[in-house]
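Undergrad: Listed below, chain by chain, are the residues.
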Amino acid sequence: MNPGKTARNQSRTAILNRLREGRGDQAMTVPASDFAVVRDRNWTPAERLDRFEARISSVNGEVHRVAREQWIDTLYALMKAKGLENLLVSEDVEHGRELRRLWPWEAPALLGYEQPIEHWKPAMFNNVAAALTGCLGAIAETGSLMLWPTPQEPRLMSLVPPVHFVLLAADCVYDTFHQAMAEQQWAQQGMPTNALLISGPSKTADIEQTLAYGVHGPRELVVLILE
Amino acid sequence: MSTDTAHSDVQQFHPRVRSALENPQIRSNFRSAMDGLMGKRQAAFEDWELETLRDLGAAVRLRALSRLPELLVQLETNCQLQGIRVHWAETGDQACEIIRDICKARDARRVIKGKSMVSEEMELNHFLEAEGIEALESDLGEYIVQLAEETPSHIIMPAIHKNTDEISDLMHEKTGTERSRDVGYLTASARQQLRDKFMQADVGISGVNFAVAETGTLCLVENEGNGRLTTTVPPCHIAVTGIEKVVEHLEDVAPLLALLTRSATGQHITTYFNMISGPRKADEKDGPEEVHLVLVDSGRSSIYQDQELLDTLRCIRCGACMNHCPVYARVGGHAYGTTYPGPIGKILMPHLLGLENTRDLPSASTLCGACGEVCPVRIPIPKLLQRLRKESVDGDRLRPSVVPGHGVKRTLKEQASWNGYRWLASDPGRYRLAGWMMTRFRALTPRNVGPWTRYRTAPRPAAKTLHQLMAARRREEQS
Ligand code: SF4
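These protein sequences, in sequence, are chains W and V. Going letter by letter, the first sequence gives residues 3 to 229 in the numbering used here. Going letter by letter, the second sequence gives residues 629 to 1107 in the numbering used here.
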């Protein structure tokens, strides 16, 4: 074992010993944690959707409610209106296959995340205009989308392209973050490499508290709620 | 942190306060920012049972601290199971060395950084640069501060001391962008400058807001997306955090997140809440292939030795205490000369740097109590300030002190006067005699009693003692 390693194991032991000794035999009294205040909302499905839409809109998120069979037309119209040249969308998820099947147009072009990022970093950073992903659901209270990136829909899809479209099923909206993680049993099933709450486009207020959107991540976040 | 400059800086507290107070630009930059932040926080908690939520926040943090060693081990085990390598550092210097070694092993020359106050605390950027490794800040505020070769003046908004014109001039000088008052333009320029840096970086270094023991998850709170880029694009991610940031369960994160973003900037939530539980898996197409977690002690385990001071470790670094502090709002963050300014800095820095280097901090407070009232995890900051004042004169000798540099302000003169007072006050005869003498010789009391009389008149004993007055009143009533 190299000397650096040994020194660091010593650090571990020293820190843990100090903490154990520090506490001595006096057990700290800890009040019970009652999570009701971050849990019980009992909103109706309609209230939930309205709440989600109001919250995410207030931070510049764009929301469209569309009928399930209409979403591809809506997406196309939005891309046209925004002048977006291409769309990064997975080939191996249900909505990706559906989109490819039903996308009659030449442009905007549909791109796939075929290679590991190392093979196309500059193209991802410079040439992709927009990306479309699904999500695990949304949180009404804070206007947040829950994403667990997968091998099919990797992490950078929701981060690097300037516009991010998200499909959200209307019946997947939870009242609160606490409720969502409890009902989906996040802690029990174990966490993925990366999990995210996304609440609006990237923003900053670091220059004299003035809000500016699209600082490092997407400048636009567009949610299509499928009803 | 161990450099002499940092120490002498801290000791220049009074001159820096004076020059900050004389600078109308700084005062107005801070005043308007703090007023805005206080208003936003209040609005964000409008529909909440705030006191109940604060109770829960405090309970969650206390529970984590009560099991701190066990939770750290659990965190380590779960992280390792998922492929995250865990390192322990007793000091900031040791943490810097660990990070340097990880960089060297990968032959890394370019590091991109997300916001991390712990890395500020250990002066990581300087350390890496001295080793020939470029460390570039990517949070817009940190980027500005780095361009200006300064340190953050606020833990949430590092560049809050500068206004748009100052930032525009700075960016023009250092990066050649056009001068502009358009914040959108300045932001877009910074985005452009940093994009290439993200692509080229060999290592990304971030902080951690909460580390979940139960699932081995590192949580990061941010708005810009630079934290996500830092932790996703480079092939290696190093997360560095103080050992106190651990929480027990994943659900514990819910109340802390609700409290943190609303207390800090009045947002219901930040744009991104990023939960990382491992490096890239074999079938994944992006994410770092290596993830490291560096757990830094740096004085925290000695704070842990004291049941009262331990409350300092509950802090979730929201910055609300500084936003509401009348002293901070007037002197600004740089006057403190410490990594963490404001009320939290006053109760934390003495442990990290020793009271001998921070002797002015615990007394730079009016004890108005605003910090304690807004703290989302109910840290009794005013009480801890009083405790540290006692520590600095060794006033509380009932228990052995764990505060480095305790007793630094204890002087023979002050000690002798208190001993004298005790001798006089513990015997009725002596006390009466002393009282009588004071009324007799009241004209002789000094007009100048140190700092006290700089802004106030000197106290002067009354012409009659309380005993005399009461006796006179009784006589009047009887007659
Ligand atoms: S002491 Fe309390 S108010 Fe201050 S930064 Fe920490 S958590 Fe926030």
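I should point out that these hints are in silico values taken from the structure, not numbers from a laboratory. Since the structure is predicted, the reported quantities are computational estimates derived from the model, not experimental observations. A few of these clues could be false.
[Unchecked claim] Partial chain W-side listing against chain V, Cβ under 8 Å, derived:
#1 M30
#2 V32
#3 V95
#4 W105
#5 P110
#6 L112
#7 Y115
#8 I119
#9 P124
#10 G202
#11 S204
#12 K205
#13 T206
For glycine and all other residues, C-beta sits at the position ideal for the given N, C-alpha and C.
Undergrad: Are the hints correct? Go through all of them and say.
TA: Going through the hints against the structure:
1. M30: With Cβ-Cβ at 4 Å, under 8 Å, it holds.
2. V32: For V32 (chain W), the interface hint holds, since the closest Cβ of chain V sits about 5 Å away, which is under 8 Å.
3. V95: violated (14 Å)
4. W105: violated (22 Å)
5. P110: violated (22 Å)
6. L112: violated (17 Å)
7. Y115: holds (6 Å)
8. I119: Since chain V brings a Cβ to about 4 Å from I119 (chain W), closer than 8 Å, the hint holds.
9. P124: holds (7 Å)
10. G202: Nearest chain V Cβ about 5 Å off; hint holds.
11. S204: With a closest approach of 4 Å, the S204 (chain W) hint holds.
12. K205: It holds, given that the least Cβ distance between K205 (chain W) and chain V is near 5 Å, below 8 Å.
13. T206: holds (5 Å)
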